[in-house]
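Colleague: One-letter residues, chain by chain:
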Amino acid sequence: QKEVEQNSGPLSVPEGAIASLNCTYSDRGSQSFFWYRQYSGKSPELIMSIYSNGDKEDGRFTAQLNKASQYVSLLIRDSQPSDSATYLCAVASGGSYIPTFGRGTSLIVHP
Amino acid sequence: DAGVIQSPRHEVTEMGQEVTLRCKPISGHDYLFWYRQTMMRGLELLIYFNNNVPIDDSGMPEDRFSAKMPNASFSTLKIQPSEPRDSAVYFCASSWQGATNEKLFFGSGTQLSVL
Numbered sequence: 001q002k003e004v005e006q007n008s009g010p011l012s013v014p015e016g017a018i019a020s021l022n023c024t025y026s027d028r029g030s031q032s033f034f035w036y037r038q039y040s041g042k043s044p045e046l047i048m049s050i051y052s053n054g055d056k057e058d059g060r061f062t063a064q065l066n067k068a069s070q071y072v073s074l075l076i077r078d079s080q081p082s083d084s085a086t087y088l089c090a091v092a093s094g095g096s097y098i099p100t101f102g103r104g105t106s107l108i109v110h111p
Numbered sequence: 001d002a003g004v005i006q007s008p009r010h011e012v013t014e015m016g017q018e019v020t021l022r023c024k025p026i027s028g029h030d031y032l033f034w035y036r037q038t039m040m041r042g043l044e045l046l047i048y049f050n051n052n053v054p055i056d057d058s059g060m061p062e063d064r065f066s067a068k069m070p071n072a073s074f075s076t077l078k079i080q081p082s083e084p085r086d087s088a089v090y091f092c093a094s095s096w097q098g099a100t101n102e103k104l105f106f107g108s109g110t111q112l113s114v115l
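In order, the protein sequence lines correspond to chains A and B.
Residue 1 is where the first sequence starts when you use the numbering used here, and the numbers rise one by one after that.
Residue 1 is where the second sequence starts when you use the numbering used here, and the numbers rise one by one after that.
With the rest of the complex left out, here is chain A:
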């Protein structure tokens, strides 16, 4: 059973701070890692993907991957109230491309 674990939160941060969201996974064969953002009442949308150990930056977002520790994280710099949403971690095993989703972490950015 492939598992993806996230703290459900809510994680509350002040506007302008760095939000750090974490995810662990059980399948050591996992090769593809994704972060989806889901606003309340809306569908998930992909914001970051990462495939290699290390950091990947895209604007205010940085994804970090450590395969040895089976750990992936998402950092949001200069958090804005518009970043308030649930962030879903998704992991796919090599060759399958079929992601397993975590239950998500609720992020609240307060002014």
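Possibly wrong hints are sitting among the right ones.
Stated by the list, open to error - Some chain B residues flagged as far from chain A (calculated, every beta-carbon gap over 10 Å):
(1) Ala-2
(2) Gly-16
(3) Met-60
(4) Glu-62
As the list claims (entries may be wrong) - These stretches of chain A come out as covered by chain B in the derived footprint (C-beta under 8 Å, 3 or more residues):
(5) 42-48
(6) 64-73
Simulated from the structure, these hints should not be mistaken for lab results.
Please read all numbers here as calculations on a predicted model, not as lab measurements.
Idealized CB from N, CA, C, for every residue including glycine.
With chain A's structure known, arrange chain B on it following the hints.
Modeller: Frame of chain A; chain B shown alone:
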């Protein structure tokens, strides 16, 4: 492109009734997924198709659930008979699993309430 289109957006039905959810994937996408989302269990994969063929239906909770994809532009998820525990948001998603593209495009979802 209009994106993944799901219908209906909301469905309220009584226990025991048949429910049919519909999905039109993005043109050119060769994978189609049906997910169910609840607060308790998060986003669960029910079934997925590749080139209209069901590949893995191990996530379908029981025989009351069935899914079809008669052609590349249409899929249905049917629940018969429906039960209150089936109440959830059902998402359809499609993707093109090229070498570098594993992004799932989700529809707006169907909010199902079984009374």
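Colleague: All hints, please: hold or fail.
Modeller: Hints, one by one, checked against the model:
Residue-level check passed: Ala-2 (chain B) sits 14 Å from the nearest beta carbon of chain A, beyond 10 Å. Gly-16 (chain B), annotated as away from the interface, keeps every beta carbon of chain A farther than 10 Å; the closest lies near 28 Å. Non-interface status of Met-60 (chain B) relative to chain A is upheld: no Cβ of that chain comes within 10 Å, the nearest being about 15 Å off. With a minimum CB-CB distance of about 18 Å to chain A, Glu-62 (chain B) clears the 10 Å threshold, and the non-interface call stands.
For the stretch 42-48 of chain A, the assignment as covered by chain B holds, since 5 residues bring a beta-carbon within under 8 Å of that chain's beta-carbons and 3 suffice. With 0 residues bearing a CB less than 8 Å from a CB of chain B, the stretch 64-73 of chain A misses the requirement of three and the coverage assertion fails.
In summary, the one numbered hint that this structure violates is 6.
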